[in-house]
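**Q** What follows is the residue order along each chain.
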Amino acid sequence: MRIKIDYAKCTGCRLCQVACSLQHTGSINPQRSRIRVFVGEDVCLPVIAGPYTEAACNSRGKVVINGLEVDGCVVCRASCPVKSAFREPDTGIPLKCDFCGDPPDPQCVKWCDPGALTLVDA
Amino acid sequence: MFGWKGKILRIDLTTGNRSVEDLSPELCREFVGGRGAGLKILMDEMDPRIDPLGPENKLVFATGPLTGTGVPAGGRFVVVSKSPLSGFIANPCCGGYFGPNLKYAGYDFLILEGKASSPVYLYIRDEQVELRPAEHLWGLWSTATEHALRQELSETLDDWQLNDLSIVCIGPAGENGVRFACIMADGGRAAGRSGLGAVMGSKNLKAIVAGGTGSVEVADVEGYRQAVMGFLDEGRENRVLYARRMYGTWSLPGRANKSGTQATRNFQEGYSKAFEWYEDPNHVRDHIRVRDEACFGCPFACSKRSRIDDPAYPGTTKGPEHESMALLGSNCGFGDLDDICRANYICNELGMDTITAGATISCAMELYESGFLPEEDLGFPMGFGNTEAMFALLHKTAVREAFGAVLAEGGRFVAERYGHPELFMGVKGMGMPAWHPQGIEIIGLQYATNNVGGSHTKATLPFYDGRRDPAEHLKWAKYDQDYIALVDSAILCWIIYHGPLWGEKLQVWLKTVTGIDYANEELALMGERIWNMERLFNLKAGLTKKDDALPKRITDEPRVKGQVVHMDRLLPEYYALRGWDENGVPTPEKLEELGLVMESGDKDDANQD
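These protein sequences, in sequence, are chains G and Z.
Numbering of the first sequence is given in our numbering, commencing with residue 40 and proceeding in unit increments.
Numbering of the second sequence is given in our numbering, commencing with residue 708 and proceeding in unit increments.
Treat the hints loosely; a few may be bogus.
[As the list claims (entries may be wrong)] 20 Å max Cα-Cα, derived DMTMM-like pairs, lysine to aspartate or glutamate:
hint	chain 1	residue 1	chain 2	residue 2
1	Z	1268	Z	983
2	Z	714	Z	728
3	Z	965	Z	986
4	Z	1247	Z	751
5	G	48	Z	993
6	G	149	Z	1046
7	Z	1185	Z	1076
8	Z	1185	Z	1228
9	G	101	G	80
10	Z	747	Z	758
11	Z	1247	Z	1299
12	G	122	Z	763
13	G	149	Z	941
14	Z	822	Z	842
15	Z	1253	Z	1129
16	Z	1182	Z	1300
17	G	48	Z	940
18	G	122	Z	865
19	G	149	Z	944
20	Z	747	Z	859
21	G	122	Z	862
22	Z	1259	Z	1129
23	G	48	G	108
24	Z	1247	Z	763
25	G	149	G	45
26	Z	1185	Z	1275
27	G	122	Z	859
28	G	101	Z	865
29	Z	1297	Z	1229
30	Z	822	Z	758
31	G	101	Z	866
32	G	48	Z	733
33	Z	1218	Z	733
34	Z	1259	Z	976
35	G	149	Z	929
36	G	122	Z	833
37	G	43	G	160
38	Z	1252	Z	1289
39	Z	1185	Z	1280
40	Z	1182	Z	1229
Simulated from the structure, these hints should not be mistaken for laboratory data.
Please take these sequences and the hints and turn them into a complete structure.
**A** The following block contains the structure:
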């Protein structure tokens, strides 16, 4: 299973971040969420936390999403030493999406009203 | 405390002192937050008679217990202060992310007082609170201000940290003390009515940056989660909310126009031929929409970013909403969507309230056409429909250049200056919004009795099933005024939670988030308490019965559907229903019932006609 992201449908409401932090921390803190939404002027980009990587990489090129050129680092799913996202704000411990358990039951998908996030077979 | 962070951040701009105070649980319990608690803070700390543009005025940026929890359509903040436009209480609400971000930084309320000696901006990131120089930002338009600040902050913060910061700022209009200047937020949103941008400008405060890494706790996690799930399910089935998702408020101009209640040519008419095009809201959506832009935690995303094909207006902006379309469009005698978008864009960028700006210019247009406003004062002609004159005047107003300096004082001032105060279509100095009161009489009463002036957001329209009986309109007007006072205190979005839409949900959210199980009667009493306390503020600031009035055009000249608003009958009935005396002053019995006291002297002030 994987979570499919349809950027065109994301409105930037960040309810996915609320749902995720509520599930994993018992309180609401979008910065402790395993999914983060980057809000651009023309498009919103949800990014789901992938594995931790110990070193920063050099792939800082630009990618184009829905006509918007963004820094590759922004949409990179890895938690890494040079990026503030996907790490606990106070301790720096990396965060990674676990699909809310087994079998997968991702809360972000349930809370995503516009349908930007869907759970699909890999 | 669940829901609340329990902290007030206070900044004295004169001395640069910063302090963090504990929020009293009693204040939270009795006034919930937002509009109610912000008002209580002002009432306790400030004399309502002060000069709104002087250093004695305070700005309270207030969140509520629901802010930042992700309660659907609960991401707003409210700014409470004294209005330089009306001279009375001001409490414009605004969406976006600023409210939640202030909460995550750790503060329920931000109180700003005094006046900085030179332009500054306030930077808040968790415990890091700094006043930083802003001379280099002074004069910039609102989007440019935000871009410049983000550029500056990118030296110390990465893209994701910047992404989780919100910026509110003023444009040139606020800097120059335009009495209907807005506080702009998150790229085109506005705490729009009442001119609080001018108050921020009078304090030399250009912008506030807020964000943080804190959490908001809810009392009943499982109950809360289930309530949200249930709400989302209900929301998908709701017909009205479907229209909000698709069109925001763009479905309203056509509807208002069709029913003959669209403010047109300074409220001389209720119908505009050009607005027939708007009857299919897809026309607007297809023409200007870039994307749906949700406030924090809102599944409905009624706000739309828009763009027009004109290189002189680069980038995107928010709106225009229905009220802006009417006041900057039909009420100024034109209907071309691109032109309305241009005017909306200018107002957003310069930081001016689209509604009062429109009402002020339409007033000037009528004065000009009637021959009361000589062309030499303007330097060019400006009859209804003259868009070029309008764009030019909007620009001049924001910098107080030439005739713009007159317009910057607001429509009431303009109309009085040229000897025809009856031609300003507003209440308490604030321009009336889009719905022509002669089409729906009760709306006239709502505008007239609104504590902040001619605003549409403190009561709802009697369009819903169970509310159509005219005999009951007055009852519902009072009910809605009280209920929305609570909605603005919690804070929920008025657009989504007004009137019979989800009325019972407020209680559910407060219970699951704060753990406090308010009874229905208690909530009703709290809303009424806030409304009456605002009234006391206004009375002390000098309000009299004469301020609860509509323009003569609305009460004496049947312009729309051959109807007038019978204020001579409605107002005494309203006062009686409220438990106020014949001068609109709350009776001692009413105040006692609400647990309020009137200081000696208030009543005497109120009766000085």
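**Q** Identify every previously stated hint that the structure contradicts and give their numbers, smallest first.
**A** Violated hints: 6, 7, 12, 20, 32; rest satisfied.
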